[in-house]
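Work out the full structure: start from the sequences and follow the hints.
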Amino acid sequence: MARVVTCALAFSVLFSILAPPRAAHAQDAFGCIEELSDDEVRYRIRYIQEKMDDGKPQATRWRYIWMSLWLAGGAGMTYAAVNAARDNNNPDKFGWAYLAGGAYFFG
Numbered sequence: 039m040a041r042v043v044t045c046a047l048a049f050s051v052l053f054s055i056l057a058p059p060r061a062a063h064a065q066d067a068f069g070c071i072e073e074l075s076d077d078e079v080r081y082r083i084r085y086i087q088e089k090m091d092d093g094k095p096q097a098t099r100w101r102y103i104w105m106s107l108w109l110a111g112g113a114g115m116t117y118a119a120v121n122a123a124r125d126n127n128n129p130d131k132f133g134w135a136y137l138a139g140g141a142y143f144f145g
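Going by my numbering, the first residue of the sequence shown is number 39, and it counts up by one from there.
Treat each hint with caution, since some may be false.
Stated by the list, open to error - Cβ pair distances, simulated, as ranges:
| id | residue 1 | residue 2 | range |
| --- | --- | --- | --- |
| 1 | P95 | V51 | 35 to 43 angstroms |
| 2 | S54 | Y136 | 23 to 31 angstroms |
| 3 | L52 | R80 | 47 to 55 angstroms |
| 4 | L74 | Y117 | 52 to 60 angstroms |
If you are wondering where the hints come from, they were derived from the structure by calculation, not from laboratory data.
Computed from a predicted model, the values in this text were never measured in an experiment.
All C-beta atoms, glycine included, are put in the ideal place defined by N, C-alpha and C.
So, in structure tokens, the structure goes:
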């Protein structure tokens, strides 16, 4: 049973990688703008800017939360690397050090 599930997952991943992408059909970018007056265009731009400004505090909070999580993970991995170095466990020491460096890079 496990082999069937593994084969099915492998086939689905392989198919999704090798299948050609489907074409995306988009609206003409300039067709709808030409029909609008300058006031309507200004209103739409102002609406988009206000919505972007409304979401700025949430985006900032999201960024700082993820940054602190990555830095906390890096600190934990640094602690593990130091403990591995004290035990003269070179493979673990370098593995944890590389993971900590990656976490600090993302943070």
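Checked hints:
Between P95 and V51 the CB atoms are about 39 angstroms apart, so this pair conforms to the stated range of 35 to 43 angstroms. Take S54 and Y136: their Cβ atoms lie about 30 angstroms apart, and the range 23 to 31 angstroms holds. Distance hint for L52 and R80: a CB-CB separation of about 50 angstroms, consistent with the stated range 47 to 55 angstroms. Remark: the range hint 52 to 60 angstroms for L74 to Y117 is upheld by a beta-carbon distance near 59 angstroms.
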